[in-house]
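In order, the protein sequence lines correspond to chains A and B. Position 34, counted from 1, in the first sequence is what my numbering calls 34; the numbers after and before it change by one each time, with no gaps. Here my numbering runs 1000 ahead of the position in the second sequence, where the first position is 1.
In case anyone wonders, no lab produced these hints; they're calculated from the structure. Ideal placement from N, C-alpha and C gives every residue a C-beta, glycine not left out. Don't take each hint at face value.
Partial selection, computed: residues in chain B whose CB lies under 8 Å from chain A [what the hints assert, rightly or not]:
1) L1130
2) G1243
3) A1364
4) V1368
5) L1372
6) Q1373
7) V1374
Residues from chain B that keep clear of chain A, each with C-beta distances beyond 10 Å, as calculated [stated by the list, open to error]:
8) Q1072
9) H1241
10) E1291
11) S1307
12) S1312
13) D1339
14) P1340
15) L1344
16) G1348
17) A1387
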Amino acid sequence: MTVVDARGLRCPLPVIELAKLAARSAPGQVLTLLADDPASATDVPAWCRLQGHDLLGSQPAADGGVAYVVRLRNGGGGDSSNAADSAAR
Amino acid sequence: MGTANTPAARRSTPPSGYLDAASTEALHPAARAALLAALDDGWADPVRLYRAARQARAMLDRAREQMAAALQCRPDELTFTASGAAAVQMALDGLMLGRRRVGAALVASAVEHSSVLHAAGHATGGGATLVGVDGFGAVDPQEFAAALGPDTALACLQSANHEVGTLQPVQAVASACARVGVPLLVDAAASIGHGPVPEGWSALTASAHKWGGPAGVGVLCLRTGVRWRRPGGSAAAAGAHPGGFDNVAAIVAAAAALEVVVAHAADEDARLSELTTRIRAAVAATVPDCEVVGHPLLRLPHIVTFSCLYASGEALVSQLDRAGFAVSSGSSCSASTLDPSHVLVAMGALSQGNIRVSLPRGVADSDVERFLQVLPGAVATVRDQLAGADR
């Protein structure tokens, strides 16, 4: 399972970090985002909804913040956006 | 004097690029003319008995009648306050006092204006029942009705949402409240002057600077027969000025603006609604990874809100400002706290890269066109900056 730690980063950086990771990950892969920005509680589910990924769940992380577990959509690879593509370079 | 009636003074021409009418509108020319006239002729104490006082009283009475006609209430149901938030506070506290023998519970939508939520939180010690909303930001009337209990002293529902423009089902909720005898406070600040005045309320509040009146004039309409007790007790109502010395000139100006705005609302709302429909379509078509939020049809004519993935709302506001456009944002980075707008959170909408465009009355079509040309580049610039800064 691949993890990106975005704790300490503020909106919208945690979602950008997640999108970068998604862009270089295989379809169907399960990713975990660690974030402590309150906006992530709204924006990670919204990102999943807009990009067609599944939010499998979220729970407090043992060493602080929240762990968001996401399964990337099957087919079409990771994130399609220019922003995420350029962010992933 | 007569300038208030010339066509030029009656048409509102907002500053170019100003697309933040939901925060406030520039002073309407009719309000400016009325304000200047009332500063000259309406300065005296309206409760006194000499000529200058009677003149101020006459101006105040006429403003009250104009305002009552526009708000479809009786003149004696109107109280003027120092702001919209003060009107909400006075309505909410007074209605809760009037029902204190029934209970102290309060039901409100989760997407009320912060002035309502703060007053409700204070009145209940933080125990207000908040009714959630759907993805468009509207409450379900049945869910709202189910939240009303035997100890519910008051229900609060906005006429329309100030951040995303979605209309609330006020009529259905008002019927539900009436069936169980719970008074309903309707915060109509976002909608007055746009479309029909809500019906079925026990109390209705609004704020003049949202319709092109001056700041510092709030309006509270209390339906005749509704149990309301002045906060602070009877001592607060003693004396010649129970609510404080009225700002006669500002009230006169507020009424003059509202009368003109309401008279032209049908045509202007149709025009604004076409423009926001166009913005909704253009944003969805030209800005990738963007979500237009709020109801596509059951909405105010002048507000359109959208959120852009991988963008900061604050940076977008600044980028658009550099391009000559004034808009607002509900993203967390543009707030004083780290929390995004409670409205977007309640809707489950994307909160990052959030922009609210709200068209002032009289906005030029060319301003909207120019905004739509500039927007995709502004979003791309902000996204590139963020992606670059993080490497």
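Q: Enumerate the violated hints, using their earlier numbering and listing them in ascending order.
A: Hint check: 1, 2, 3, 4, 5, 6, 7, 10, 11, 12, 13, 14, 15, 16 and 17 fail, others pass.
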